[in-house]
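Position chain B relative to chain A; hints supplied.
Just so you know, the sequences run in chain order A and B. Letter by letter, the first sequence follows residues 1 to 232 in UniProt numbering. Letter by letter, the second sequence follows residues 1 to 448 in UniProt numbering.
In case anyone wonders, no lab produced these hints; they're calculated from the structure. Take these hints with a grain of salt, some might be off.
[What the hints assert, rightly or not] Using 30 Å as the maximum straight-line C-alpha spacing, the simulated DSBU-like pairs for lysine-lysine come out as follows: (1) B:K102 - A:K97; (2) A:K198 - A:K96; (3) A:K74 - B:K272; (4) A:K96 - A:K191; (5) B:K272 - B:K439; (6) B:K102 - B:K119; (7) A:K191 - B:K196; (8) B:K196 - A:K202; (9) A:K74 - B:K439; (10) A:K202 - A:K191; (11) A:K74 - A:K202; (12) B:K439 - B:K293; (13) A:K198 - B:K293; (14) B:K265 - B:K277; (15) A:K74 - A:K96; (16) A:K74 - B:K265; (17) B:K102 - A:K152; (18) A:K74 - A:K198; (19) A:K74 - B:K277; (20) A:K198 - B:K196; (21) B:K198 - A:K202; (22) A:K74 - B:K196; (23) B:K293 - B:K277; (24) A:K96 - B:K102; (25) B:K265 - B:K439; (26) A:K74 - B:K198; (27) A:K191 - B:K198.
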Amino acid sequence: MAALDRVKVLVLGDSGVGKSSLVHLLCHNQVLGNPSWTVGCSIHDYKEGTPEEKTYYIELWDVGGSVGSATSVKSTRAVFYNSLNGIILVHDLTNKKSSQNLYRWSLEALNRDVAPTGVLVTNGDYDREQFADNQIPLLVIGTKLDQIPETKRNEVLTRTAFLAEDFNAEEINLDCTNPRYLAAGSSNAVKLSRFFDKVIEKRYFLRDGNQIPGFSERKRFGGGTLKSLHYD
Amino acid sequence: MSFLIDSSIMVTSQVLFFGFGWLFFMRKLFKDYEEYQDAILQTYQDTILSSLIPLAYFLHCSSRYFHWKLNLCVILLILVFMVPFYIGYFVVSNIRLLHRQKLLFACVLWLTFMYFFWKLGDPFPILSPKHGILSIEQLISRVGVIGVTLMALLSGFGAVNCPYTYMSYFLRNVTDADILALERRLLQTMDMIISKKKRIAVAHRTMFQRGEVHNKPTGFWGMIKSVTTSVAGSENLSLIQQEVDALEELSRQLFLETADLHATKERIEYSKTFQGKYFNFLGYFFSIYCVWKIFMATINIVFDRVGKTDPVTRGIEITVNYLGIQFDVKFWSQHISFILVGIIIVTSIRGLLITLTKFFYAISSSKSSNVIVLLLAQIMGMYFVSSVLLIRMSMPLEYRTIITEVLGELQFNFYHRWFDVIFLVSALSSILFLYLAHKQAPEKHMAL
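Chain B extracted, bound-state conformation:
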């Protein structure tokens, strides 16, 4: 009986999340594009809804195991089989040459993917040799590696980028005069391009009228011919053409710089508002958190430390010991850690979706939007699987055993170590990168 209740709860919650994901998909990602196919939608939704495992916390013990395993199987199926195949299919259909044998090439791509995916497991000490080839543990371990790397990269970058964008301390000072000067330069460059192109057009027209055919040297003979018999006019033209190319490159750069300046000016104005001040304050808070995390990661690596108890229980124990307050440790730690884990999950999902949306807008076009959505679905799926792996650390002992049961015998410690390493690397390199970018901009600015 309880099994039935649990199943119905699972189904309703999945439908809810399906609806939510659909909304997100339609409103945010696909605002400007019409071309999508239902299959993609389906895949995307399946990935989302199957990823929402944590709800299993609220279910009864007996059926929990079953639902976990079921969800896990479905996710893995989608992540490793369906989505890569679809991605291969859409990439191939974008390339005009291979239109005829789309399916064949998609299969080829998928096999390549599987090969690399398998090879991924070799250099890492993630498996005890007890397991067979096609077991769930094999798949999860590999997916886990990729997902953990991704998570660590994202959190490293996010931890550094977040204070950088929030705090107005880093905002460069941009005045209206600067923007005007840059725009003037841009338009001057445009004028120069125009006059040069006019000269080329005139030259073409006169040559055409005089009956000379202006052939571009094609092929081997053409090149030899152009070396020996060079027309004076065409030499001049190619010189001008080169100048035009250089000027066009310059105009592109100027455009991007001007857009950058406009954006900075907007941020300055925003920071003067109340919301801006609030975010500024948050920025200081986050920078402290970021420094602390980097510090902890370093310590973990250097001292090869693996936490035995989760932070919440530790915290409660400390309060009990030092403050002498009477707590029923077990009871409270269970609930508080659930809430905390829930908050962590929700904020990380939100952060991920926002980052991915921005990324999507930046690089999508009507051709590649399908591929990108699928890539996003793939990334999200891997992200979720590995967050389940990692969250094991923050949970009380009994629940850890459940996860260990479901996911099988994996070397969890390795994953934590790996996360710390990648996090450190990512955070440090983003600090370096942002420092360089920040340094470079004002200098370019001054040189105007």
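For reference, chain A alone in the conformation it holds in the complex:
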């Protein structure tokens, strides 16, 4: 059973947006009772069927912390960004800053190869070209939908649609305390499974034609224990 193939998806976002609740909802279809601060990284497994009905493991790595953390925390976090296959960007619909910080989060995860104090990350400018040739599928999820009053909903949803377009990604808006948003058959569930399918495809089926994924592997772990997670 452990011989099933695995795929690694990061869940990134500011602290307090609801990543842990979201991941719990995705994996166990239950609402998380008492969320506490996530330190480091917590992993959940999710099994997914593909068109050919093969089952894969999807590891959801929920990384805690904020994008403005000290450089030491950023360098420590960078350990988790090895060989990732997909990114879920989570932001809080009631807090505009968290959506803006998503750019910095994605840069941090994608530019993992550059030293943490490298130029690309510190000036924080959003460069569309970097996302254009990005091979890693992204998904943008907005949480706390229930806390937005009906009147403001349209405005907020338009804003997030622009955001998702910038990332060239799909978007889902939901409330992590209500499983009905991800009920089977709803459009959200369809988007989610499409995203996971895309991740699995990119990882396993495009391997032959896909030579340079956009970042190189860490040299120092060359012969080490992480071989199983790398491309052969």
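Quick look at chain B alone, frame taken from chain A:
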């Protein structure tokens, strides 16, 4: 006429400080959060601007008294009435259950606060029984106690922590290999967690497919049932789940340790730069100052000494006596002590703001940021009131009488004694604490 001039000076200076405080608030504290309400802002600003009393030094005698009293009343009003109420309100609104009767519970919280606040005055010999219940002296004395305790704690800790962080003597030696080894351990732990979670997921799926419903035992009957009819698979699962929990705890610890090592490595690199060397030198200087202060505090307590003249006048008198230089003591002591007091105030404000900002970053989240800002405002307000109390010691005689007039008949000596005691306790315990923390880390390090 002079009253008008004074008032206008006060107002302009307060507007200036308002602007400064606003900048600080927006740039530093609330960088990442959008949710704030204007009321909080207002309260915060009022606290800051009303706290900046020392400017009254430069005003004419007659109106000074009036402005002092006015400022004092406003501060007290805010500190004792408005801010605690707001804090209670925001704490209550964070708890989902009590959403309906927010106002009611906020009032309840505020009354509790007032009760404890009043009780605070009983064990301390701070008041002469001449005063009524609701006089300004009562309020100030209590606020003073809290503020002085806070000040002493902060300065005790700061006096010890400052040399510790500045001096590179205390920096542990961290090499790249150490960091790599720790990171490898962290990732190995992650791998183990992954494999265990996979087993759990597989087991769940097979049980689900076989049509068994995996119910967690809920309630009393559930527990009895689970004792008698135990499924072999679920026992296995709960064992694995426990292992996973333990491993997750371990991974959290490893993460924190790795972050710590990274931070230490950065500090080592920083200490090699020019700025780092400068701070290192400052560290030695501060450690001497810290030792001297502890020594003086001990002497004050042991010999029950209360200073009669302020240090500057003393210093000038000594120079006049020993060096035979002709000084107009009164004139110079007045100005020099003003400057000194100003420097002390500015540096202590700066130190306080920096500490509070760090603290704020460390523990805030979008939920609690409002409450924390209000708490900070409260702390700052109390800090300022008590610094006025304490600064009385460093000023020449005439000015002491002014403060005594404004603040009323308080037992100032008690406050100084109390400050010394708390300072000593805080400094010694932070020395102990830092010593233990320092000792523990290299050992953990070696055990890798």
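Query - Given pair status - K196 (chain B), K74 (chain A), alpha carbons within 30 Å - result: Within the cut-off at roughly 27 Å; holds.
Query raised in the report: Given the hinted pair K74 (chain A) and K439 (chain B), is their alpha-carbon gap at most 30 Å?
Result: Given that 30 Å is the threshold and the Cα spacing comes to 26 Å, the pair holds.
Query raised in the report: Do the alpha carbons of K265 (chain B) and K439 (chain B) lie within 30 Å of each other, as the hint requires?
Result: OK: K265 (chain B) and K439 (chain B) at ~18 Å, within 30 Å.
Query - Proposed proximity, K198 (chain B) with K191 (chain A) (alpha carbon, max 30 Å) - result: This hinted pair holds, its Cα atoms lying about 24 Å apart.
Query raised in the report: Does K272 (chain B) pair with K439 (chain B) here, judged by a C-alpha cut-off of 30 Å?
Result: holds (24 Å)
Report task. Would you mind confirming whether the straight-line C-alpha gap from K102 (chain B) to K97 (chain A) stays at or under 30 Å? Result -> holds (27 Å)
Query raised in the report: Quick one, are K198 (chain B) and K202 (chain A) close enough, alpha carbons at most 30 Å?
Result: holds (22 Å)
**Report entry** K191 (chain A) paired with K196 (chain B) [C-alpha distance capped at 30 Å]
**Finding:** Given that 30 Å is the threshold and the Cα spacing comes to 29 Å, the pair holds.
Query raised in the report: Is the straight-line distance between the alpha-carbon of K74 (chain A) and that of K96 (chain A) 30 Å or less?
Result: Roughly 23 Å between the alpha carbons, so the hint for K74 (chain A) and K96 (chain A) holds.
Query raised in the report: Given the hint that K96 (chain A) pairs with K191 (chain A), does the C-alpha gap stay at or below 30 Å?
Result: holds (23 Å)
Query raised in the report: Holds or violated: are the alpha carbons of K198 (chain A) and K96 (chain A) at most 30 Å from each other?
Result: Judged against 30 Å, a Cα distance of about 28 Å means the pair holds.
**Report entry** Proposed proximity, K196 (chain B) with K198 (chain A) (alpha carbon, max 30 Å)
**Finding:** With Cα atoms ~26 Å apart, K198 (chain A) and K196 (chain B) stay inside 30 Å; holds.
The structure fails hint 13 only (numbered hints given earlier).
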